[in-house]
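Asker: Chain by chain, the residues:
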Amino acid sequence: MAFFSRRRKKTGPADAKPNTRDSGQGSKKQIAQSLLLSPDLDENLRFLKQSFADCSDVVFREFLFAQREQIKLALVYVDGLTNKSQLSDQVMRALSLEIPAATDNTVITKANALHYVKMRGLCIHQVKETENLQEAVEAILSGDSILLVDGHATAVINGSRGWEARSIEESQTQGVVRGPRESFVETLRTNTSLVRRKIKNKDLKIESLTLGEVTRTDIAVAYIKGIVNEDLVTEVKQRLTRIKIDGILESGYIEELIRDNPLSMFPTVGHTDRPDRVAANLLEGRVAIFVDGTPMVLTVPHFFVEAIQTPEDYYEQALFTSFVRLLRIGSLLIALTLPSLYVAIISFHQEMLPTPLLLSIAAQREAVPFPVFVEALLMEIAFEIIREAGIRLPRQVGQAISIVAALIVGQAAVQAGLVAGATIIVVALTAMASFVVYYSGSLAFRLLRFPLMFLAASFGLFGLIAGLIVIVVHMTSLRSFGVPYLAPIGPLVPGDLKDSIVRAPWWAMIKRPHLVGQNNPVREASGMRPKPPQTTAQKGGDADAGRRQN
Amino acid sequence: MRKKIAILLLLFFLIGLLGGCWSRREITEVAIIMGTGVDWTADDRIRLTVQIAKPGDFGAGGEAGAGGKEPPAWVVWAEGKTIEEAERYLAMKVPRDIYWGHSVILVLGEEMAKKGTGMVTNFFHRSRGPRETMWFMVTRGEAKDILETHSELAKTSAQAAGFLTRMETSYAVQSREFAEMLASKGVQPVVTGVEVKETGKAHGPGQENPPVEKEVKLSGVAVFKEDKLIKWLDEHETRGLLWLKGEVKKGAVTVPSPGEPEKEVSIKIRRSSTKIVPEYDGENLWFNVMINVEGDMVEQQSREDLAKPEKIKALESAMAGEIKARAAEALEKAQREYGVDIFGFGDAFHRKYKKEWRELKNRWDEEFSRADVNIAVEAHVREIGLLTTRASTPEE
Numbered sequence: 001m002a003f004f005s006r007r008r009k010k011t012g013p014a015d016a017k018p019n020t021r022d023s024g025q026g027s028k029k030q031i032a033q034s035l036l037l038s039p040d041l042d043e044n045l046r047f048l049k050q051s052f053a054d055c056s057d058v059v060f061r062e063f064l065f066a067q068r069e070q071i072k073l074a075l076v077y078v079d080g081l082t083n084k085s086q087l088s089d090q091v092m093r094a095l096s097l098e099i100p101a102a103t104d105n106t107v108i109t110k111a112n113a114l115h116y117v118k119m120r121g122l123c124i125h126q127v128k129e130t131e132n133l134q135e136a137v138e139a140i141l142s143g144d145s146i147l148l149v150d151g152h153a154t155a156v157i158n159g160s161r162g163w164e165a166r167s168i169e170e171s172q173t174q175g176v177v178r179g180p181r182e183s184f185v186e187t188l189r190t191n192t193s194l195v196r197r198k199i200k201n202k203d204l205k206i207e208s209l210t211l212g213e214v215t216r217t218d219i220a221v222a223y224i225k226g227i228v229n230e231d232l233v234t235e236v237k238q239r240l241t242r243i244k245i246d247g248i249l250e251s252g253y254i255e256e257l258i259r260d261n262p263l264s265m266f267p268t269v270g271h272t273d274r275p276d277r278v279a280a281n282l283l284e285g286r287v288a289i290f291v292d293g294t295p296m297v298l299t300v301p302h303f304f305v306e307a308i309q310t311p312e313d314y315y316e317q318a319l320f321t322s323f324v325r326l327l328r329i330g331s332l333l334i335a336l337t338l339p340s341l342y343v344a345i346i347s348f349h350q351e352m353l354p355t356p357l358l359l360s361i362a363a364q365r366e367a368v369p370f371p372v373f374v375e376a377l378l379m380e381i382a383f384e385i386i387r388e389a390g391i392r393l394p395r396q397v398g399q400a401i402s403i404v405a406a407l408i409v410g411q412a413a414v415q416a417g418l419v420a421g422a423t424i425i426v427v428a429l430t431a432m433a434s435f436v437v438y439y440s441g442s443l444a445f446r447l448l449r450f451p452l453m454f455l456a457a458s459f460g461l462f463g464l465i466a467g468l469i470v471i472v473v474h475m476t477s478l479r480s481f482g483v484p485y486l487a488p489i490g491p492l493v494p495g496d497l498k499d500s501i502v503r504a505p506w507w508a509m510i511k512r513p514h515l516v517g518q519n520n521p522v523r524e525a526s527g528m529r530p531k532p533p534q535t536t537a538q539k540g541g542d543a544d545a546g547r548r549q550n
Numbered sequence: 001m002r003k004k005i006a007i008l009l010l011l012f013f014l015i016g017l018l019g020g021c022w023s024r025r026e027i028t029e030v031a032i033i034m035g036t037g038v039d040w041t042a043d044d045r046i047r048l049t050v051q052i053a054k055p056g057d058f059g060a061g062g063e064a065g066a067g068g069k070e071p072p073a074w075v076v077w078a079e080g081k082t083i084e085e086a087e088r089y090l091a092m093k094v095p096r097d098i099y100w101g102h103s104v105i106l107v108l109g110e111e112m113a114k115k116g117t118g119m120v121t122n123f124f125h126r127s128r129g130p131r132e133t134m135w136f137m138v139t140r141g142e143a144k145d146i147l148e149t150h151s152e153l154a155k156t157s158a159q160a161a162g163f164l165t166r167m168e169t170s171y172a173v174q175s176r177e178f179a180e181m182l183a184s185k186g187v188q189p190v191v192t193g194v195e196v197k198e199t200g201k202a203h204g205p206g207q208e209n210p211p212v213e214k215e216v217k218l219s220g221v222a223v224f225k226e227d228k229l230i231k232w233l234d235e236h237e238t239r240g241l242l243w244l245k246g247e248v249k250k251g252a253v254t255v256p257s258p259g260e261p262e263k264e265v266s267i268k269i270r271r272s273s274t275k276i277v278p279e280y281d282g283e284n285l286w287f288n289v290m291i292n293v294e295g296d297m298v299e300q301q302s303r304e305d306l307a308k309p310e311k312i313k314a315l316e317s318a319m320a321g322e323i324k325a326r327a328a329e330a331l332e333k334a335q336r337e338y339g340v341d342i343f344g345f346g347d348a349f350h351r352k353y354k355k356e357w358r359e360l361k362n363r364w365d366e367e368f369s370r371a372d373v374n375i376a377v378e379a380h381v382r383e384i385g386l387l388t389t390r391a392s393t394p395e396e
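Same order as they appear, the protein sequences are chains G and U.
Once you know that position 424 of the first sequence is 424 in this note's numbering, the rest is easy, because the numbers rise by one and skip nothing.
Once you know that position 376 of the second sequence is 376 in this note's numbering, the rest is easy, because the numbers rise by one and skip nothing.
A few of these clues could be false.
[Stated by the list, open to error] Which chain G residues face chain U? A few, computed with CB under 8 angstroms, are given here:
1. S96
2. V185
3. Q317
4. L319
5. I346
6. Q350
7. E351
8. A362
9. R365
10. P371
Derived from the structure by calculation, the hints contain no laboratory data.
Model, not experiment: these values are computed from the prediction.
Positions of the beta carbon are idealized from the N, C-alpha and C atoms, including for glycine.
Okay, chain G solo, but in the shape it has when bound:
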């Protein structure tokens, strides 16, 4: 209900021209901002009907007050955005049938009707009054309903939002074995509530603003006061308010409009649909940007190492997590370099292979008609086609298509001698490796694979290494909201290495990541490493004493 901050304008009666409305046919848009409601219900309704002309989903419902039939009421809302049963039970029925008689025998008149409606009649939790027509219009469009009472230049805004929404489901993009299953949905309030449920603290601030001249999309900026660096919040808000665009349909719009190095392939703004990840990011001192209409929440700043981190890492044992993270690093390298390494070694550096392997590959390649580069490139492209088709094609035909693709590309191509088995293995391994890290984290590597293959095919390992150097130089130059993208590895932040390509146990990660959490560096007490209790039993040899102490 608090989303009007940008447009809210306290227009007292003094500075508004009372008669504007009557002549208000011309440039409605500008005038409407300062328009006030009229005490005359019919006039108000006429204006609203004019505003919502040709909007068939807007409902105008006029009815009479329960005991005083001369008092007319009108309810305006958008069909489908409001909770209809709530409206009919708690507004219509309450006001037109069941409003109780005042206990002190006060007679309900036109003059005090509004007071009665608000204080006794409406059984709705969130109620707000406005005298501004424009505010009333925006309330209607956001899903609230407004109640107009004849004789009062005030609209009562009922918080009766309720629309068809997807229920909270398991995360589709970042699943875990151990850890919470829930993921964000398309409704902003649900999303912020999911985070609020994890961080029950008044310092969790969720500031709102509206972006999109036409779509009027609600945006929420969340951070934890006292942990976050205030400059970062200011910077985020400043970058957000810079945005002047007709519509925001997904957080990706915002990501591209606020990110550093806009042409880089590497994501310097993180996104996730997992509340626990957002909560963890907030606790480390990051800022989260919620966008209404999408389950993807942006987090800034974003580091490269986050591509190999999953929420599960913090719930599973530290040693196992470290192993898996090393595995993910390896997978990223495979996804990036394996095809080019294969091309380079097969067509330039055969001496790098063990003799039996060389002979086995040579045997496979004997009948293949293309140079290894062409072959690998064709297979990579074929795989990208299958992958893209797999995302787009309808569920019903998915299985049939994937079988055909697997058969044609895998089996038949090798049997026909068009492709060497080793190439299939390389391409398949590359494809699998690119899925080990989460989807968006590997996009850059999927793309960079191709130029690297060109370099490897033209200059061998020399070209491959030159390409990798260029990539590393580029990554080192990236910044995400003032923080180096490759931190904590480049620049080296020794303390933060505890949670980078390995993870230390929780009792050892005493400080927040330095570059985002330096404002409030300590996150836990030190010396929490579990150890056997120091009992008198150990000193004196009395077993019972130890038990008593515990």
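Since chain G is already given, all that's left is putting chain U on it; use the hints.
Answerer: Below, chain U alone, put in the same frame as chain G:
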């Protein structure tokens, strides 16, 4: 500005085309040489024989190479005045790029080795292709025959010969090590010897006069003076050579059982080390060689209890005596008969007497032949095992 950037980008991408695929060599365009042999022919030319893998016959899938017993390699040779010339003639017969990078062995025919290895190794050490880790060996016949043999276990005979050498049962020399020995005045080169052995196994059923299978077999070491082969050491003497060089890594020593001399006991060598200490007083030169060896008793034909300390002592002295005899045999042959220092005594001397070495190095082999050598062997038997006499042979 934007136009300029576009042109620069375009030029940048065109650089790739200018370079082309520099030194690219597709795997299907190379002839992978598995083994190399060099012979000195009767008409005084160098014959270069190579064994080229036939990749199609190496099929891992199974459908390829299933028919017949045709070896998956092609042996082809060419002659020339130098190795390079022979290689160029070879290139006229081989329709692919000759690729040395995976050659496992470099084998020299006896005639070639006698003529001098300098004519051979120069090419292999200079050019970029061949590895310095190729196993270097000399055959008692023609190198070509070695490459034409067959192997039951390995795919090609070159690999078979390479694996045999690597097992370290004989003295193994890599191409680089040979060059090192050649460069040093304090040691004369020795090289693994191989020979062709007829297994007597018929090549295929149903054939009249079936050709007999031939396999490679290790056969002692070839002794060089400078780069020329002079003599051979047989397997027995090779063991002595290994003891003196401190190269014994595996093997066993068999001695008579202390209490029952007609029965034998085998001791498997766990580790050994050899130390050569030269002594020189300006006139007399002598060497103290200390061989330290540890082993486990692994086989016993006798029925006595060897776990007793005095029996172990006896076993150890018998073992020491056996090793000393072996070493002395090889030493005798090298010193008295061949007159070459193949053990590296000269290097040991060089390390201790730098000034004196300068005078002696040019006549080192003569000095070596006259030197006295004391061999001391310290042997330890570490484990006797738990199998006692009763468990291995039932009591009468």
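Asker: None of the hints should be skipped; say for each whether it holds.
Answerer: Each hint tested on the structure:
{"no.": "1", "hint": "S96", "in the structure": "violated, 68 angstroms"}
{"no.": "2", "hint": "V185", "in the structure": "violated, 44 angstroms"}
{"no.": "3", "hint": "Q317", "in the structure": "violated, 40 angstroms"}
{"no.": "4", "hint": "L319", "in the structure": "violated, 37 angstroms"}
{"no.": "5", "hint": "I346", "in the structure": "holds, 5 angstroms"}
{"no.": "6", "hint": "Q350", "in the structure": "holds, 6 angstroms"}
{"no.": "7", "hint": "E351", "in the structure": "holds, 4 angstroms"}
{"no.": "8", "hint": "A362", "in the structure": "holds, 4 angstroms"}
{"no.": "9", "hint": "R365", "in the structure": "holds, 5 angstroms"}
{"no.": "10", "hint": "P371", "in the structure": "holds, 6 angstroms"}
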